[in-house]
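**Student:** Protein sequence lines correspond, in order, to chains A and B.
Using this note's numbering, the letters of the first sequence correspond one by one to residues 1 to 119.
Using this note's numbering, the letters of the second sequence correspond one by one to residues 1 to 177.
Keep in mind that the hints were calculated from the coordinates and are not lab data.
Please note that a few of the clues may not be correct.
[What the hints assert, rightly or not] Rough simulated footprint, nothing fancy, chain A against chain B, three-plus residues with beta-carbon under 8 Å:
1) 16 to 30
2) 80 to 88
3) 164 to 174
The beta-carbon is built from N, C-alpha and C at its ideal position, and this holds for glycine as well.
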Amino acid sequence: MNFNISDIFDSFLQGFLFMSILFSIHLVFSFHPYHRITPLLLFTSVLGIIAITINYYFFNTEISVLELLRESLTNSIISILFVLPLIFLISTIMMLRLSLRNRFEDPLLNLLDSDLNSE
Amino acid sequence: MELPDLQLWSGILLLFSGFFVHRMGPSFRRNVLGKPMALIGLVLILIPLGNLSEIEQDLFSKIILNFPWMILASTGILVSLFGSPIYWKRNTDINALGLLLISFSWILYLRYVFSPNLDNFLISFSTIAGMIFSIISFLYLIKIIESNTPKAQESDPLTENEKKFITSILKRNVGEK
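Extracted from the complex, chain B is given alone in its bound form (with noise of 0.2 Å):
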């Protein structure tokens, strides 16, 4: 394995990792580092810097037949989203231009990537089934694991003085009657 091979698998890695690093948090502050780190992996991914082996060129070719496509599809999924009905206002235009979008991504897929074939097919869905599998047997794992987790223990009652302070915050803020 040579390193523009060591260059792909890094560009994977951080690409998967920065999705999941800006899954963490709360939906309005996700992680900072989660794009960027996807970012760069796709830079890493897209721009190899000399001649790859016969396993990875045949994944980079893939990726890259598939590029353009995929990032015409998701712009138009996410430009169509702006443009349709929230509380049934809807901006026409920009709607317009998202399904724009995804039939040029559908025509770009259609003319130069679909090519039909059985065996791909059989072999892909085989993979697929075994990805759907290996999920299945890990949330029955994280499901054993949750139940075996010993239970926190109880907490202290509140003292005089924490009594004192949460009645005052609870008079400033309701009012006393």
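For reference, chain A alone in the conformation it holds in the complex (with noise of 0.2 Å):
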């Protein structure tokens, strides 16, 4: 693979594009009345527009917008999936440390424990 650093900014602005989508989609499907998602929703279409034009004309000259959007898209999840292990990492040592841990000694429940004794 020839990688450069336009890559990075390239890949960089597809998952800003992503997280746009991804926030618009959210901020649709859980719409309450008291959630003001104008103003938002207008906002955050205005920075998806900017990353797909920065995008477009910087980077990915010869595609089409469609097919810019489904590749951002792509490799967006694509890199999600690359990074999910090491999510998967902290989950496991946390289930571990969970697992194996021991009632800790605490000298105020000794305390009681003497005290119920010798009565």
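Two chains, each in its own frame: build the complex with the hints.
**Tutor:** If you want it as structure tokens, here you go:
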């Protein structure tokens, strides 16, 4: 794979675009009457359009906007799948700590036990 | 973009939207539509109706490759949590089963999925950096919009009838001294 610095910016923008789309979906599907989603949706759309424009004019001029969107979403989901084992590693360590922990020595509880025994 | 590609993207949309719908409401009463939506989305993703285009095929193959270990890992974590000590009482068998499932999922991942590649690593981390940057900008956006929201007007004082009504409820529940 020929890898250069523009690929880093390209994928950075793809991640930004993916999260903008995800945030818009979140705003629409978690709508409730006390939630002011209009300004948020507007700003999110503007940020998404800026990300698409920069990506299209500077890094991917030879493909269509729809293709750019599809590629951005695909690469972002693949990146999440690539990083997921790190989250799983942290979860595994937490599960092991949770499973192997023992009851700690508590001087106050020991005192209570000795009082009960003396009675 | 053909029909199977549209199916894949609709599945992904349904999966994410199902998750967001499920997060609505208090933790003890989640929205009933969330889980079915996510499940339909998962089915649409995993069972394509025909041949996918190149971009979608790449995504589909990565999802299929990672799906077994992810399912095993999430099941293992859930089972392990069920067996973990609560008030120092633990269910050792269930806990051990959970840890066993987690171990199997690690074996699956390391045996069939794991392929160290510095380029992939850098690209993925720059994508994740983009996501984190966008989350931070959205948080700031929410902060700005929330701080500019006009405060609600003060409510009118209670009328005599309302005062009597509330007093009667309090007397009935607390008791008159």
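**Student:** Hints the structure violates: just list their numbers, smallest first.
**Tutor:** Failing hint: just 3.
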